[in-house]
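> Read off the chains here:
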Amino acid sequence: MIYAILVCGVAIISTLLILLTKKFPAKTSLILRIFAYIFIAAYVVRLVHNDAFDRIYGGLSDYMSTSMIAMMMGLRALTMISAIVTCIEPIRSSKTCKDILSLFVPIVTILNIIFFRQHIIAFAGTTNINYVSIRAIQFAIETMLMGGISAYYLYGFVTNWKERRSSFRLGSFFAVLGFLLLACFPVGIFQGLFGEFGDEATGFTFTHRVMLYLTCIIPIVIYFAYRNKGVDRARTMLIYLSTACLVLFTYTININNLSYTNLPLHLCNTGVFLIFIAYVFNVKSIYYFTFFVNVIGALFAMVLPDTDGSVFLLSNIRFWVDHMYVFFLPILGMVLKVFPRPNFKMIRGAIYVFSIYFVAMIIANAWINTFASVDYFFLQGDTVSKHADFLYNWQQLYKLSVTINGITYTTAWVYDIFIYFGYILLMFIIWIFYDAIFKTQDHYTRLIELQKSDMLDIRELRKKIGNDITKPINPRGKNMIKISHFTKIYAGSDRKAVDDFSLTVKAGQVFGFIGHNGAGKSTLIKSLVGIQSITSGSIEVCGYDITKQPLQAKLNIGYVSDNHAVYEKLTGREYINYVADLYLVSKEDREARLARYAKMFHLENDLDREIKGYSHGMKQKLVVIASIIHNPKVWVLDEPLTGLDPISSFQIKSLMREMADAGHIVFFSSHVIEVLEKLCDRVAIIKQGHLVGEYTSDQLKTKKMSLEDIYLDVADEAVTSDVKNTIVTGTTNSK
Amino acid sequence: MSKKVSLMLSIVVALFGIIFVSVYGKLPENLYPKIYMKELYFQDQYVDEVSKNGNKIIYFDVSQDNLSINLYNMVAYAPLDTTDITISFSVDKPEMATITRTGMLTIGEAQWRKFVVIEVTIKSMDGSELSDKVMIVNQNQKDNNHEIYDGDDWII
Amino acid sequence: MFERIKILTLLQLGGKSRRRAHTKNQTIVNCLIKALIISAITVAIYMVLGLIKSTLSFPINKSVLTFLLFVSQYIGILTCTVSLSSVLYSSRDNAILLSYPAKPNEVFVSKLVVAYLGEFNKNLYFLFPVFFSFGLLNGCGVWYFISSIIMLLFMPIFPVFIGALLSIPLQYIKKLLNRFPIAYAILILLVVVALFWGVAAFVAIIPKPLRLLAMYNRFINGFLTFVASANQFGLFYNFMTNIMYSVNIGLNLLWLVLIVVGIMLLTNYVSMPLYFNLASRSNEHAVKSKTKKIKIQPARPTLLAFLTKEVKLTFRNINKVMNDYFLILMMPVVLYIMNVAFSAIVVSRLGQCMITGFNVLVGMVMVTACNTQSATAITVEGGEFVLLKTAPSKTSNMVWAKMLINVAISTFFIFASAIMMSVSQAVTIQHTWLIFLTIALANFSHILWSFQLDITNPRLRDYAESGKLDGNPNVNKSVRIGLLIGLVFGIFSIILLNENMTIGWVKIICIALALLIFRLLLFVKNLKVFFKRIEY
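Chains as they are written, first to last, in the numbering used here: chain B, 1 to 735; chain E, 1001 to 1156; chain X, 2001 to 2536.
Please keep in mind that the hints were generated in silico from the structure rather than gathered at the bench.
These numbers come from a predicted model, not from an experiment.
If a hint is listed, it holds; no wrong ones were tucked in.
Dumping the calculated DMTMM-like pairs for lysine to aspartate or glutamate here, alpha-carbon to alpha-carbon at most 25 Å:
1. 2525/X to 454/B
2. 2528/X to 442/B
3. 2528/X to 449/B
4. 587/B to 2310/X
5. 2525/X to 435/B
6. 2394/X to 468/B
7. 2394/X to 454/B
8. 2312/X to 606/B
9. 2394/X to 568/B
Computed footprint of chain B on chain X; a stretch qualifies when at least three of its residues, placed anywhere within it, have a C-beta under 8 Å from a C-beta of chain B:
10. 2310-2321
11. 2375-2386
12. 2500-2508
13. 2521-2534
By construction, the Cβ of each residue, glycine as well, lies at the ideal position given by its N, Cα and C atoms.
Start from the sequences, fold in the hints, and give me the full structure.
Printed below as a string of structure tokens:
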């Protein structure tokens, strides 16, 4: 019953809002504010109540299970966010908060309705609840108002779907939501990051966690601050930081008090000096040692710290800060490009230096332990070995002792070998990890650059043609294809597949294109229809730039590819439907055109069979039908007659002629010179990416030249002067 | 990595998980519910007599040299299929008789002067155990004073 | 004839390998690297087996070696049969090879040689290290090591030739199933019934309570008894291990040679003559399928158009779909069996957390291995991607359509697995659904991540030319990422739940949700920037 009341309440309020705003559209803002004020008033009634839920500690209560407590805590946080947005958005609107009110708050309302009973139990502190209590009524009103207002905004979102969808920013949505969660639910953050349900975490203490979180956050902040400042400034910053690290470390050292037992020989101690030397004196080998070796050591030291004391003691804070520096200073040097990325040679160098260090520590431990107790690099004690029984056993059982001048030097050789190779293995593992990070960094750097370039393109386009970017960039070119200085270089190649190609094709023409294998015909066609990018130059189709206004340009293009690929498991009709959907063809148009072309190509009886069972010619014809189902102004065909029988070939040629006569542009490439000669109004010859000749059919007839002779001569290196004199060209780009 | 490799990996991880949980995730031994043996005894068909103190007595003709008796065949117990069990035999006077690992009791004639007490013990892997005893007595002492059978030495 | 066979073999091997021609030095270096890898594998297997023998008291002897050998080889025979049936009869290169001036028999032999070399290569990386390790651990003499190398040469003969023989009836069975879909349906039903029966039987033998340590000796003895009885079915692999362990070398060698010769003769007189007949028949595609006439639809939004197409293609390629989602079909079964075993163990609190962790890990491994669909969703468009490049619509919506299919199928099977888990009662119902939620959220993130891999690195041309996804780097990367996510969530589950069960679950779900949101944001960014830059 109560749920029905709540749902009805939400429906009534939202309907009321919709009706009011429709009746008084000019007063929409005022109406929304009034409802927001009513909501605030209902919310304020909370102030006269103490909820039992606020007194729960340690996740335990006698009226609610622990899991339900956790659930209610989460829901509370979300309800707080929803309430804030519901209050503020109608009064002071912002795009992202509007989206939150439209999409997020309705979900929270639904959850509040579902868990309404649990809410009342949480308020009352007993399972014996009364829905007619003040608090229950207040919460019901609050929920209905929040639900009604958010439902109204959701209605607005749905009715203006297109506009709202295009302005929706997913990143901002979650960022604002996250920010509001932090702002109004700090207790959850602390419990999540530092504690467990009312108590501070015991194993992983507060100090420990804070230090680890800071170790992750500080380098990220420094990276973002310095990533665009240049390598020199980054190096200067790192020199300062490494010096600060060294000063902090050596601040309390008194050389007179140094003994064999407190030499700075631990890995991270030496790391402090080595990082300083690496940055100040720009020593690569030392840098890579710190990058591969010290970073891991510092990480382990921080995860398994050797100190548990307060950070307000110099010795303790020194431990943490020194290890933090040793951890992130080498990493910053890499990401800020102060040092180049490592390769195998560098890790090999690091291994050599590590080997020297390791052997030195074995000797130091063996020697010093004959008269004092030390544990450099934790090879002597059980700091590491206590974590695994087998390691401890190896350390105790397998010892190598050497007696020199009556003094016995001992080392646990099996344990030492294990640690040595284990550390080297870790270095390689971390190299793989670093490699993955570098690749990710490169990828996202490129992503950001491309994003910026896209935004720049749109801005330039807007500058050129105004805010409506669906207008043609070249209104005078609406009945032509215009290719201007088009050049294409494929990635990973120096060779220009097409070089400085310019061409204009007007409506009402069948334009043919011929060239040797690898001349650049397909490259040109693919760039023309938008399959491939353009390296330089421009291509306009019906006044639209194919790069800057691709959707508008492609709407005017029908394309028959050279590979005739189709979805073989679809029927012919399904395939045509699918293509027609992509080209936004209306039902009536596609019915009429499909019937016509199917009859023309004798495909009526095969349209409802799977394409898998079609012959090559049938597939080809189907692709042709699909390419003109939207009656494009420009019809581009890449070797359309390959492998067709004479009848099919004739049908397609007839259609091409028909389209051209109807005022369309037909642009096709072929290897069959006779077809080009008979069918085309103009023919171009491309050779090694250059346009070497352009001929009209009239000119050929007048001069009584065959296209074959011209082609063979043009294709041949040595062009005779007689042939040159008889060639009548439009535009010649021969080089 | 092919699908087959992924399937094998999943199965290996699942098996590893079962082993890992049963080794490191099981309840500590002191909290583990004990599974006790229900019974263990030397079978009645082999026992000749039970003395008034409740000792089971088996008479043997020890005139033959190196008599061997298969003790395993004589013992019965309620089997457990949820844990490994070990059965062991012991003799109170090892100088008089030997028992092999396979449960064969060997008594040399020259050594046969007194009776021997054989004890069988079953232990399960969770530490519970049961035991039973039997006295093996020379057959020609059957008509002797019953006091003998109560644990006294021979009266020669 | 041998010259032609050699050329045909080299041609096929060259087609498989992407490497260019090597100089002599490069070849030597390659061989050395290969030897190094095999040595490393041998050392690793030796250490593992040594550990098993010394720490776990597990027997590493001739009986176990025979068992391992024949089980792996029988699986090899099965897989070889299936692969040979497509390589011999329906491979694309048949059209080229059969048109060469070589007899069909020579083409047949060359294909078997290629298959032999493939099997030999596989055995080199697996069987050789196993043989070597067994020999070292058992202190075998020189003859063992020499004979194991000889056996390695014999070993591939069996799967290849038996596969060639069995591929013939397999072809006929395939054609029968194609012609009569009802027979295919019946076969699937039988397989499902057999699977259920198998699972029920297997689950019934799990003892309650399951106390592996307490029953270890019993388990070892049982295993050894099983191995001894199973080895009766080892057939010629028994001869091989007898030879290696110097048991009646002469007699066993004779038997082996006779069997090899017999199989080769059978292949020569049975498979080879039928080869050309079967291979040429496979090239004909005149299959008429009846389809209902559909009405012309009004223009649909692009997302709906893509979704309709994808759903149609999914249902019409059901074989391919089942093959692609094979692992996820097995997921409820594997999780059920695992959880029945877990429910038989009396666990501590840590054990309960471990059970959850392993459920998450195994579930993620299986479900993410099937997300390779998303990692190749754009690649499999192949030549058809041209249509998407030329269409004047928001064709990036095809990505969402494909993703929806993947999400729907995987979520359904995760749900089914959750049901099976709740039946097994290893975890509480509450935790079962939390595990379901965790896996579903993490899986969705993985799908987004896999898709992103394909958007940034599609292999359209490779797929258009070969029709295969072999060597597609996105597939391996997707599986590795899935493993990593599974491992992270599995370990996190154990640690966080052990700290505090309730707040631990909250943290796990929050982490899964955060990962999902993060991947979604990155995916949308990548889609906006890179999709339109994909070139064919």
